[in-house]
Structures are given as C-alpha cells and as structure tokens.
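Asks: Take a look at the letters that make up each chain.
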Amino acid sequence: MENKKEWPLWEIFVRSKNGLEHRHFGSLHATDAEMALENARDVYTRRSEGVSIWVVESSNITASNPDHNGELFEPAQDKVYRHPTFYDLPDEVKHM
Amino acid sequence: MNNNFIKYLYGIADNSLILGQRLGELTGHAPSLEVDIALTNISLDLFGQVRSYFQYAAQLSEDDITEDDLAFLRTEREYLNVLLVEQPNTDFAYTIARQFLFDHFHMLLMTEMQKSKDETLVAIAKKSIKEVSYHKRFSSDWIKRLGDGTEESKQRIQKAVNDLWRFTDELFHTTEADEAMIKEGIAVDVKMLKDVYYKNVNEVLETATLEVPELKYFQKGGKEGIHSEHMGFLLNDMQYMQRTYPGMKW
Amino acid sequence: MSEKEVKNLEEIFEAKIARDEKIEPKDWMPEKYRKTHIRQMSQHAHSEIVGMLPEGNWISRAPSLRRKVALLAKVQDEAGHGLYLYSATETLGISRDELYEQLHSGKAKYSSIFNYPTITWADIGAIGWLVDGAAIINQVPLCSTSFGPYARAMVRVCKEESFHQRQGYEIMLTLCNGTEEQKQMAQDALNRWWWPSLMMLGPTDDASTHTEQSMKWKLKRKTNDELRQQFIDQTVPQADILGITVPDEDLKWNEETGHYDFGEINWDEFWQVVKGHGPCNKERLQTRVNAWENGEWVRDAALAYAEKQSERKVKQAI
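Protein chains in written order, with this note's numbering: chain R, 28 to 123; chain Y, 721 to 970; chain F, 1083 to 1400.
These aren't lab readings, by the way, just hints derived from the structure by calculation. A hint or two may mislead.
[As the list claims (entries may be wrong)] When the alpha-carbon atoms are kept at most 25 Å apart in a straight line, the in silico BS3-like pairs for lysine-lysine are as follows:
1) R/Lys-32 <-> F/Lys-1189
2) Y/Lys-835 <-> Y/Lys-911
3) F/Lys-1395 <-> F/Lys-1098
4) F/Lys-1395 <-> R/Lys-32
5) F/Lys-1395 <-> Y/Lys-864
6) Y/Lys-846 <-> R/Lys-44
7) F/Lys-1397 <-> R/Lys-32
8) F/Lys-1189 <-> F/Lys-1265
9) Y/Lys-914 <-> Y/Lys-835
10) F/Lys-1390 <-> Y/Lys-874
11) F/Lys-1086 <-> F/Lys-1108
12) Y/Lys-911 <-> R/Lys-32
13) Y/Lys-879 <-> F/Lys-1390
14) R/Lys-32 <-> Y/Lys-969
15) Y/Lys-969 <-> F/Lys-1397
16) Y/Lys-940 <-> Y/Lys-727
17) F/Lys-1104 <-> F/Lys-1265
18) F/Lys-1114 <-> F/Lys-1304
19) R/Lys-44 <-> Y/Lys-850
20) F/Lys-1104 <-> R/Lys-32
21) F/Lys-1390 <-> Y/Lys-864
22) Y/Lys-874 <-> F/Lys-1397
23) F/Lys-1241 <-> R/Lys-44
24) Y/Lys-864 <-> F/Lys-1397
Same shape as in the complex, but just chain R (with noise of 0.2 Å):
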C-alpha cells in the first residue's frame, strides 16, 4: 500500500434508555468527532438502542498491560472483608 492516509478509528460508547452508565458498542472510522458522531448515531443507535453517545478517538486510549494482570488485579482477590459476605450475622437480624 502506497502512503494512503486512512480516516481515524474511534471508539463508541453509548448509553441506552434504561439509565445505566455508557457500554463501549464497537469502534468506527471518522475524520474528526463530529463525524464520528453522526456515524455512530446512524452506525450503532439504528434500533433506538440509545439516549447519548461518547466517542473517543482509538489512539487516545491508554489501556492496561496484560502482562502486568498479576500485579493489578490479583492483590484484590485475599481482600475479602471488602464484601458483604465476609460478615457473619445471625439469621434473625433482617433487613441488613
């Protein structure tokens, strides 16, 4: 392929009627955000699937390391009193 400029990816992230915080839908190509816009209203609300729409240009997306999942995300794991669960209370006590 000769130097041939291609338009943007971007990421979309849309948020649908129910209230729930944006879901990341898919990603598109577009010149700038404005397009991107447009696109993914016309690309992934086609089925009134949304009430809002974020899109983010791909390359500006810092994303963790995989390799580095041991040291994020498994140090969690043992803290076990940071949910409910961890706490014994007696069957009578309601509403807790």
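Here the structure of chain R is known, so what remains is to put chains Y and F in place on it, guided by the hints.
Replies: Okay, now just chains Y and F, sitting in the frame of chain R:
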C-alpha cells in the same frame, strides 16, 4: 377540496419518494461504509414519510386505492415532484448538492407545515422535522467538507452546486391546487420561504468557501408533471414489478 | 523468547481457551491464531459487504413500499455487520484499508453464494430464507468463539439478523399464496438457490483443511457436514409449508438416522465459483473496486477538511 388536497399531498410526497428512490440506488456503492449507512438512513426516513402521506391520501380518496397504487401506478405526468430530486447520482458531489439544496427547503417546509389547519399534516410534520433537521446537518456538513477539503473536491462540489442551482427556484412555485389549499390554511405558502432559503443556503456555501451561483434562468415543470428525461428511467425501475405483474400482492 | 518460553505461553493460552475465557487483542497469542482470525473475520466482513450487492440489485425495483423499506433496512444491516466485523479485525493490528486491498486484489475470499445473480424478486425471498438461514446456523456458535472482539461482534450481528430470515420467508410465503405465476417464481428461485446454499456451508469434512484447529479455537463448534445436515433438516419442512419442492430427487427422510438423506453436491461447481469463475465474480468485485476508487476523492477531502479545522483550532488557541 378533496382533489386539490390529494394533489397537494402528491407534490410533497413525491419529493420524498423520488429522492428516497435515488438514494436507494446508492446502497452498497458509497465512498465509505459509514457514509453508505448514513445515506440509506436518509432514504429510509424519506420512504417513511412517503408512506404517511400516501396512506393519508388513500384515505381521503373516494377510490379504493392503497399507498402502493399511488407510489407505483401513476403515469409519469401524474408525479408532481420537483425536478431537483429526480436528478441522477452523477457522483458523490451531485448526491450531496442535491440533498443539501433539498434539505434546506424541506426543513423550512416542515417547520411551516406544523402550523397547518390539518391535524394529520401537523402530526407528519412534527415527526418528519426531526429526521429532516438531521438530513440538513448531514448534507451541510458534507458541503463544507467537500468545499473546504481538497482542490479536487472543491471543483467537483462547486460544479454540482452550479449545475443543480437552476432547479432551486421551482421549490417555491405553487400550482393551482397548492393555491387553493393555501387559502384553506392547510398548505404552506412556499413562495414565502424563498428569501430565508437562499439566505440559509448561501451562508453554508460561503462557510464552505464556495461561490454562490448567479443565475437568471431557472428550470421548472416537475410540479406540473413535466419532468426531465431522467424521470422515465427512474420510474421504469421503480414500477417494474407492478407493471410486469399487474394486480398481484407481494 | 526461547522455544521453551513460547511453548509455555502456548500452553497457558490453550488452557485459557479450554476454560472458555476470552482472548483479547492485547493478550499474547500464537502468530497462527492471529493470522487465522484475520483471515476468517475479514472473509466474514467481506461477505457482508459483497453480500449487499445481489440484494441491493432489487432495492430500486422492490414491489411495494413495505418491501422496499424492509429491503433497504436489511441491506443496510449488512453494511453495519461488515463494519462491526472489520472493526473487530482491526484490533488484531491490520487496517480496514489493508483488508479492502486484499479483497480488491482477489487475495481475500468471500462467501461463494454472492457470486450468483438475483434475477427475479423471488430471489430476494430465497436469499433471506436460505442464505440467511444457512448464515445463522454458521454464526450462532460464533457468539461464544474464543476471540473476544469477534464474539462480541457476532452477538450484535446475530441479534440484528433475526429479522432477515423472517423477512425472506415472508416474501416466499406471499408468493406461494399468490398466483400460479408467483408460485412458479418462488419454485424457480428455490431451484437455483438450494444447491449453492448447501455449498455455502463449506466443503465436506474430509476436504476441509481447517476444521480441527478451528474447533480447538472455537472458531467452529460443528463440522461443515453437521451444519449442512442441520440446515437441511430444518429447511425441508419449511419448504413443505410453502408448498414448493426442494430440487433433489434423492432427498428422503431417514427414520433410522432421524435426518434427511440428500443427493450428491456438485463440488466442481463450488470450487469453480471459489476460484473466481462463478456467474458474477467479476461483476461483484468490480463493483466494490469502483465504489472504493470513485470514493477516494471524497475520503481525501474529508481528511483534508478535518486537518484544516484542527489547525484553525490550534491557531485560535494561540
């Protein structure tokens, strides 16, 4: 009154029908997948509007007719769309220029139609205006991209705008039926939209670093059913099934 | 990396897939896994895009407004599906332009079925019913394939595709309940699309080179022959309801196996089409190339405009 009303509806509906048909020809052939999807969306919006108008016209008519009879079984002289919308997809510049010149008119028309005395028209206008304002944004953005893009794109879009400009005046003509319906407070008096139309359109063209064409002579005829030579071929395609297999259900 | 280290990584990798965990783009993966996925996913994407053409051929001639909007929406979905799949493929470090280049040069393949012409309106019904039917059988298992972006794209595709087959079958049903001429049109379409649809599910297991590896990576859950049998078993009763005849004299219900026996598939024809000699191979590819080449000045213009705009923003900020 019914006859005039139905003719008035044809005029508005046929614009959406024929432009929708033209855009449908492009599905699968656009410059990028994203643009392909967007153009098809516009086509779908337009056909949705057509169905609302024709279902209403069929209801008003004394004959036992359906939306499809109206869409597919009239003769060329009975289609009342403006010449602009039947112009072919010469290239992407023509497609965008045609869309842009129509969308700005369509937007004004839908805005005014919300004031009609006819409730059904008001309802259709209220629904359509959201679609049309998106179309207008899409086509105006592309006018700017092409106008202020590369040398080649500027040349191409300028040529398309120049060539299609001669069809813009007809948007503001009225037929006898239109006039009768304006008197009833049902139709929009499009003559009144002309100044603001050119003001809006020129503004975008200037932002796009394009020249506003200066023309003395304009084309007309579509609204009276006198079309360009392109129209027959378009109808040939569109009516193919209905003409080849009369009276069947699909 | 030493051979031992690579082997170790491979073991971890295979174990992960065996546990039904997803492989994500930044995870370590064997080069062969990456290449195989680029090939299969882009082939899938190309099939969606080329697949727009035979049906797009009837958009301007659709026989009613209802059929026209349904067909437009369907062909548009295919563009969307192509887009999801190209995007998923791009996570493996190849650009969409490069993938197009492979399609346009003939290096990449797409589904052989789209090289047949759509010559009557009934073909639009037959494609929806048979081709989408076969595609769904192929695609549903991919929703749980091992590569995360592919699996997620397929979930979306399958969700959207459910209306396509129903649309096709409804067209066939209307024709079969119509005039004699319409019913004949439906029968003729079935005659022409039946065998290519069976071929679409791929060569027989003994002629298929990728099956074993693909099974391990969950790119495939069933073999081509199993999928084909499933397709035939579910489609024949649907043809009965339509009242049209599957064009296979050897087709017979087998009580013992609980499946339909069926006749010999003409694999010569299949390989001929795959190698580029089907009725429409040249036209399909040329159409894609034309769309791409004619659009080049448009894509360039949009890029140039965006660059100018961002320069202006920078200047304003200063």
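Asks: Against each hint, give a clear statement of whether it holds in the structure.
Replies: Results for each hint:
1. R/Lys-32 <-> F/Lys-1189: With Cα atoms ~22 Å apart, R/Lys-32 and F/Lys-1189 stay inside 25 Å; holds.
2. Y/Lys-835 <-> Y/Lys-911: 16 Å, holds
3. F/Lys-1395 <-> F/Lys-1098: 47 Å, violated
4. F/Lys-1395 <-> R/Lys-32: Measuring from Cα to Cα gives roughly 21 Å; hence the hint holds.
5. F/Lys-1395 <-> Y/Lys-864: With Cα atoms ~16 Å apart, F/Lys-1395 and Y/Lys-864 stay inside 25 Å; holds.
6. Y/Lys-846 <-> R/Lys-44: Cα-Cα ~22 Å, so holds.
7. F/Lys-1397 <-> R/Lys-32: 24 Å, holds
8. F/Lys-1189 <-> F/Lys-1265: 40 Å, violated
9. Y/Lys-914 <-> Y/Lys-835: 18 Å, holds
10. F/Lys-1390 <-> Y/Lys-874: Satisfied, since the Cα-Cα distance of roughly 14 Å is no more than 25 Å.
11. F/Lys-1086 <-> F/Lys-1108: Holds, at about 21 Å.
12. Y/Lys-911 <-> R/Lys-32: 46 Å, violated
13. Y/Lys-879 <-> F/Lys-1390: Roughly 22 Å separates the two Cα atoms, so the pair holds.
14. R/Lys-32 <-> Y/Lys-969: 50 Å, violated
15. Y/Lys-969 <-> F/Lys-1397: 62 Å, violated
16. Y/Lys-940 <-> Y/Lys-727: Holds, at about 17 Å.
17. F/Lys-1104 <-> F/Lys-1265: 48 Å, violated
18. F/Lys-1114 <-> F/Lys-1304: 21 Å, holds
19. R/Lys-44 <-> Y/Lys-850: 19 Å, holds
20. F/Lys-1104 <-> R/Lys-32: The given pair, whose Cα atoms are some 32 Å apart, is violated under the 25 Å limit.
21. F/Lys-1390 <-> Y/Lys-864: 12 Å, holds
22. Y/Lys-874 <-> F/Lys-1397: The hint holds at about 23 Å.
23. F/Lys-1241 <-> R/Lys-44: Given that 25 Å is the threshold and the Cα spacing comes to 18 Å, the pair holds.
24. Y/Lys-864 <-> F/Lys-1397: 20 Å, holds
Checked against the numbered hints given earlier, this structure breaks hints 3, 8, 12, 14, 15, 17 and 20; the rest are met.
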